Amino acid sequence: MISDATLPIIFVGLMGLAVLLYAILDGYDLGVGILLPLGHESRKDQMIASIGPFWDANETWLVLAVGLLLIAFPSAHSLVLRELYLPATFMLFGLIMRGVAFDFRAKVAFTKKALWDKVFKFGSILTAFMQGVMLGSYIMGFEHSLAATLFSLLSGIGVTAAYAFIGACWLVMKTDGELQIKAVYWARKTSWMCFAGVLAVCLVNPLINPGVLDRWISLPFALFIWPIPFVCFCLFVLCHLVLKRLPLADDAGCWVPFMIALFIFLFCFQGLAVSFFPYIVPGQLDIWQAASAPESLRFILVGAIVVVPCILAYTAFSYRVFWGKVRDLRYY
Amino acid sequence: MDDVLLLSRLQFAANISFHILFPSISIALCWLLCYFKIRFDISKQPVWMRAYRFWVKIFALTFALGVVSGITMSFQFGTNWPGYMEKVGNIAGPLLGYEVLTAFFLEATFLGIMLFGQQRVPGWVHTLSTLLVAIGTSLSAFWILALNSWMQTPDGFKLIDGVAYVTDWWAVIFNPSFPYRFTHTLLASGLTASFLMAGLSAYRIHRGDAKHAPRLALKTALVLAAVLAPLQVLVGDMHGLNTFEHQPQKVAAMEGVWDTEKGAPLLLFAVPDEKARTNHFEIPIPNMASIILTHDPNGEIRGLNEFIGEHPPVKPVFYGFRIMVGVGMLMLLTAWLGSWSLLRQGQLPSWLLKAVMAMTFSGWIATLAGWYVTEVGRQPYLVSGVLRTADAVTGIAPGNVLLTFCLYITLYVVLLGAYLHTLFLLARKAVEIEEYQPGENPFSQPMGVQA
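From first to last, the protein sequence lines stand for chains Z and G.
Per our numbering, residue 9 is the first one in the first sequence, and the count goes up by one each step.
Per our numbering, residue 1178 is the first one in the second sequence, and the count goes up by one each step.
It is possible that part of the hints are untrue.
Said to hold, decoys possible - Reference excerpt, derived from the structure (chain Z facing chain G, CB under 8 Å, subset only):
#1 G107
#2 F112
#3 V116
#4 F232
#5 I233
#6 S326
Since the hints were derived computationally from the structure, they do not count as laboratory data.
Please read these numbers as outputs of a predicted model, since none were measured by experiment.
The beta carbon of each residue, even a glycine, is placed where N, CA and C say it ideally should be.
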């Protein structure tokens, strides 16, 4: 039997998994939306076709992450979402806009399609930017000072760039021809903006949070944190070198930038997780204080153990069905 | 605090009213798509596939609107109703969690294959995907209605310092009102989707579409509605009896009964006056309410005056109930007349075709009215007898809620307009598309990008 004190750790782990998967999966499809070129019909259609079968399931990871926060740490859920009320609401507007634009653009009269494409792009940017603002505000412990606000805005730009970067890498992998060349170009541009964002968080986070600074200079946590900026730097350089050579004949290595982007996301996530654990609200509430009743957590854990592997399995199946270069997206 | 309570309630009501429009169609529409697909698999007649293709587009659009408006809700529990999660989070949390885990991922993932994967997977995998999406939407309804019913008739828990702790999960999920509400809601979805299908098909026929597919869809939908409508009357009655047992104050408001009385009349119409605590302009049928609720002409119905301070506002519940029942009866009549005429003559006379078109969104009206009855009817409680709505509200500045409320309303009005416009546009587009030649491969139509 799992002890009451272990349950919050398991749930924060599950929540972390959901957040990480969300950032990677919805990250690439938001990124494709951010990059959507206005006025280039066939390119737009191809780009949207590359995310068509996936975006809905990708977004579900956000619902799971928020759901787990609600289920396992209800007081943190209230506290965090009350502090982030406006950015969270604007993010929801973004998600609504892009979600419906995706469907409307293909069904309305041709003259209105361009309008829905704009809505799609704007919704994607709004969603990504607001998620960055929320992340920045969370890191700053929901302060309302000018410095904190500026940092949040910077973080908004950083996350938007990061999503655009992983989105471009996704396109490099999933498309060919002229669009792939364009995607390689986008990936190179956005990778440097993304790196600047990672660097900014790495510098600012320990400087303003004494607790985080402690982590950065105390063993054993420091061992997990210090390598992160260096590994990320090496990955960015590697990505740059690979992108310079792409696309290769017979399209070898088109998947490499996406894998690199995936590992960069993974390391950034690890850095944040190690910096804040076991706090669920930085400096205010740890996971044991915020956890809900053990019997409720056990009830949902049983289900999670059975269902989460199934979800991962059929998600993998869906990616296998739509494996390879994107084709025209049709209902049949 | 009053401002933020009112605004939060308005915002939540706007969100949930907008949201329910789409699941109320998509739950049953997906089962109808399964039916079309399976009929195609068995008979290989292309007409079933054409019906599937037209309706899968409408399903995709409806589903997308349901998803995005649903995500909003999961945030608002925390942002606007923190007291809700603090008091009953131990129950609400896991039920919502199971909805995400068992339903949302299932439907979202297989939707991708259902919509875009037909050429990439064997036929049976595609049929299975459609079936899994249908199961997902119904599972989703199962969990969320378990939670809603628990809020109406809570069971299986104990209160410690005002916080609910579960003692029996089975009793929480299968609480007294759940079986009735779940059946009632699924049937409502069946009727909403049938009338949408019948209405849009009638619209296509009215615009001169002589193809087989819309006539087939019209017949399927009307016959289904003709079967479901009387079932709904029966289940609705049972649901009412269940409410009478567990939430007598809600029934008192539905019937407009102020003083406890024996042999209470059924009021076809009245204007309830909460200040004077009486009704004006009553049109009664003597003893009928007692007969319906107690199966005894002189049965006793407890009146609102027994629940002063504990009963809901009377007008919305009273009128909502009459709208729901009235529209429901119209639906029953239309479905029976339509089916009879289709089965006898093979087509609808022009006036009936127009009547079916006029009833396209009747399911929405009945569903919304029904939800207002049950949700307003639970007030002033958020969880009956456990948590008052006023005690669950947020401390966010009213100005912020006002801002987001106005933005939500604007967004929803625009989206609803676009949705309705697109439904009819898709129908008009379908009228223009030429019928496939017999023997032609239905999979190889060059349609371009149709995402």
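Each hint, compared with the structure:
1. Interface restraint check for Z/G107: the shortest CB-CB distance to chain G comes to about 4 Å, inside 8 Å, so the restraint holds.
2. Interface restraint check: Z/F112 against chain G, minimum CB-CB distance 6 Å, threshold 8 Å, status holds.
3. Restraint check, Z/V116 versus chain G: the minimum CB separation of about 6 Å is within 8 Å; hint holds.
4. Because the smallest distance between the Cβ of Z/F232 and any Cβ of chain G comes to about 30 Å, over 8 Å, the interface hint for this residue is violated.
5. Proximity of Z/I233 to chain G is violated relative to the hint, the smallest CB-CB distance being about 30 Å (cut-off 8 Å).
6. Look at Z/S326: its Cβ gets to within about 5 Å of chain G, closer than 8 Å, so that hint holds up.
Hints 4, 5 from the list above are not met by this structure, while the remaining hints are.
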